[in-house]
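Let's have the full structure, built from the sequences with the hints guiding it.
Quick mapping for you: the protein sequence lines, in order, are chains A and B. Position 188 of the first sequence, counted from 1, bears residue number 188 in this note's numbering, the numbering being contiguous throughout. Position 315 of the second sequence, counted from 1, bears residue number 315 in this note's numbering, the numbering being contiguous throughout.
Quick caveat, the hints were computed from the structure, so don't treat them as lab data. Predicted, not measured: the structure shown is a model, and the values here were computed from it. Idealized CB from N, CA, C, for every residue including glycine. Among the hints, a few may not be true.
Unchecked claim - Examples of chain B residues toward chain A, derived with CB under 10 Å:
| no. | residue |
| --- | --- |
| 1 | P33 |
| 2 | G34 |
| 3 | L166 |
| 4 | L204 |
| 5 | V208 |
| 6 | A213 |
| 7 | V224 |
| 8 | T229 |
| 9 | V232 |
| 10 | I243 |
| 11 | A294 |
| 12 | M305 |
Here is what each chain is made of, one letter per residue.
Protein chains: 2
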Amino acid sequence: MIRDSSHRGPPVDPQTRSAVRAFAPGSIGNLGPGLDILGCAITGPGDAVVARMHDSPGIHLEDPGHPELPRDPEHHASAIAAAEVLRRIGATSVGVSLSIEKGLPLSGGQGGSAASAIAGAFAVNALLGAPLQDHDLLLAALVAEQRVAGRHLDNLAPALLGGIVLVRSIEPLDIVRLSSPAALRFVVVHPDMRLRTADARAVLPPHVDLPTAMAQAGAIAKMVWAFGTGDVERLRGVIDDRIAEPARAPLLPGFAEAKKAAIDAGALGCSIAGGGPSAFAMVNGDHAAGRTLAAMLDAYRAAGMDATGRVARVDERGTRVEPSHPTNTINSA
Amino acid sequence: MIRDSSHRGPPVDPQTRSAVRAFAPGSIGNLGPGLDILGCAITGPGDAVVARMHDSPGIHLEDPGHPELPRDPEHHASAIAAAEVLRRIGATSVGVSLSIEKGLPLSGGQGGSAASAIAGAFAVNALLGAPLQDHDLLLAALVAEQRVAGRHLDNLAPALLGGIVLVRSIEPLDIVRLSSPAALRFVVVHPDMRLRTADARAVLPPHVDLPTAMAQAGAIAKMVWAFGTGDVERLRGVIDDRIAEPARAPLLPGFAEAKKAAIDAGALGCSIAGGGPSAFAMVNGDHAAGRTLAAMLDAYRAAGMDATGRVARVDERGTRVEPSHPTNTINSA
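What follows is the structure, given as structure tokens:
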């Protein structure tokens with residue numbers, strides 16, 4: 001694993017802190033053909049978790065972040081991950097309360113559960129002086145992700161590390177942070193519907209034929225090569241998912257039309273973000289990104305689906321300690 | 001496709017030539033997990049084809065290169081590919097005779113059929129003033145490869161272009177020549193048996209489960225990333241084929257023992273070359289390569305299988321016009 005914690009915010013002094021706010025970016029999992037193994041953190045909204053010391057041991061959920069999210073710490077991604085951090089540290093007598101600021105849409109396919117989980121793990125770990133390394137934080141957050149979304153790291157790993165990440169293996173943990181072409185932009189469009197991760201997973205085929213498996217592998221491999229060259233144009237036509245997208249597209253009204261519109265508008269490629277319903281396009285530069293965004297929104301609306309969207313860059317920083325705004329420096333005592 | 005013909009040998013003057021000798025290197029197809037999509041040209045023996053003008057139209061097979069190879073041009077890889085070159089040029093009245101120098105083992109898994117096919121295509125094309133580009137030469141040779149071995153380019157493309165090549169797609173043709181870490185060595189061991197490509201292909205599973213497909217893709221993607229970084233150590237443990245190797249290993253007495261011996265001797269990884277029976281190990285540097293070669297040969301012999309082997313580098317040159325030796329300059333009239 002490639003680690004670089006220098007961007008993770010100011011050091012937290014265990015003697016003076018009383019609260020830590022950790023921010024985790026949104027991410028695109030299942031990046032095109034990279035089902036479960038390729039993901040990218042993106043700039044813009046994310047989830048934040050404020051962790052404060054609490055008098056009674058265990059994890060207390062002060063604010064779940066959204067009226068529809070569970071108030072029971074046993075079922076909230078941030079709290080599950082935070083509890084797993086306490087367990088891994090062996091801090092059985094420590095109490096921590098969590099307040100979640102939910103910036104990502106629920107069941108949107110933008111890595112919301114992963115951002116909540118890793119921000120929870122990161123905040124508690126930072127509050128306690130950061131005894132755990134990235135490896136353990138990922139596995140702690142995976143306990144939560146597995147319970148609420150599925151056992152995969154393609155959102156968690158980029159949300160923590162930033163950038164584009166290849167998850168070669170979970171056991172043993174083998175992840176690679178790839179480089180990102182500077183001109184790469186993501187257009188993320190969120191149609192006004194929800195799709196539960198579990199439902200999106202249920203339609204995946206249990207088996208694929210050998211030519212399909214190898215074509216999918218070839219597309220992923222070419223994407224990895226293209227990322228490495230830094231030449232974003234080499235991604236054109238390669239975002240070719242033959243496994244998840246054909247199975248999930250029928251669940252997503254307007255997606256096929258939006259994808260066609262994105263390609264026609266000059267996007268390098270377009271597919272479903274995570275398990276959907278959000279769609280993403282990969283685009284060369286800001287100008288083409290704006291054009292692609294407009295075309296995709298129009299296409300969704302013409303298909304009878306209201307939609308919102310935005311243009312993002314690769315978030316190279318990943319999860320970090322970050323005060324909410326300058327007048328509220330919660331890291332000071 | 002990345003083209004660089006500067007290494008392909010001296011220009012052939014159509015007015016003065018009467019013969020061209022093209023040499024194509026051996027190659028490892030199915031490079032570890034890269035079934036049908038990843039291959040590497042290697043230094044050492046290869047196949048050569050001498051093409052000469054002939055009075056009667058069509059391809060004439062003067063010497064098939066081996067007593068067990070067909071004398072009928074309709075069934076010999078070099079001749080099939082050469083005929084396809086004539087067809088693509090539209091040279092219906094041209095006659096060419098071919099003599100094959102077979103340096104690679106028959107049914108060895110070292111890309112022998114691909115080397116014969118591409119050398120045949122290349123020699124005839126060069127003899128006629130090189131009207132066809134790499135793209136057409138590959139597709140001409142693919143006609144032969146498909147007839148004698150199967151419709152795949154993972155030997156043909158590296159044999160033509162040199163280096164490590166990712167075959168993303170045959171239709172449309174999309175191949176990428178990857179970079180090769182300087183310290184990369186191949187240990188190639190040929191046990192004293194044959195395995196027909198068709199038999200090796202018959203045992204492949206028609207379907208794979210989704211986790212296996214994605215694990216295979218992840219391994220291929222990490223190999224591509226490792227090649228790009230130039231750091232050969234990043235290949236360690238990644239040459240992990242979950243599809244072809246488990247199906248084919250039972251056909252190959254001694255392979256499991258040789259693979260274990262290779263890993264124990266410090267190899268980065270080990271798998272079956274092409275469809276077998278040859279095995280290959282990828283190794284960091286000459287010293288480890290020598291140790292790995294000795295260990296693999298010992299293991300085969302201990303398992304009751306005689307074997308020969310060698311250490312090779314990546315052949316960066318690919319197919320080229322090359323006189324057999326200085327005193328026999330067959331390119332002059």
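Hint-by-hint comparison with the structure:
{"no.": "1", "hint": "P33", "result": "holds, 8 Å"}
{"no.": "2", "hint": "G34", "result": "holds, 8 Å"}
{"no.": "3", "hint": "L166", "result": "holds, 5 Å"}
{"no.": "4", "hint": "L204", "result": "holds, 6 Å"}
{"no.": "5", "hint": "V208", "result": "holds, 5 Å"}
{"no.": "6", "hint": "A213", "result": "holds, 4 Å"}
{"no.": "7", "hint": "V224", "result": "holds, 5 Å"}
{"no.": "8", "hint": "T229", "result": "holds, 8 Å"}
{"no.": "9", "hint": "V232", "result": "violated, 15 Å"}
{"no.": "10", "hint": "I243", "result": "holds, 7 Å"}
{"no.": "11", "hint": "A294", "result": "violated, 29 Å"}
{"no.": "12", "hint": "M305", "result": "violated, 29 Å"}
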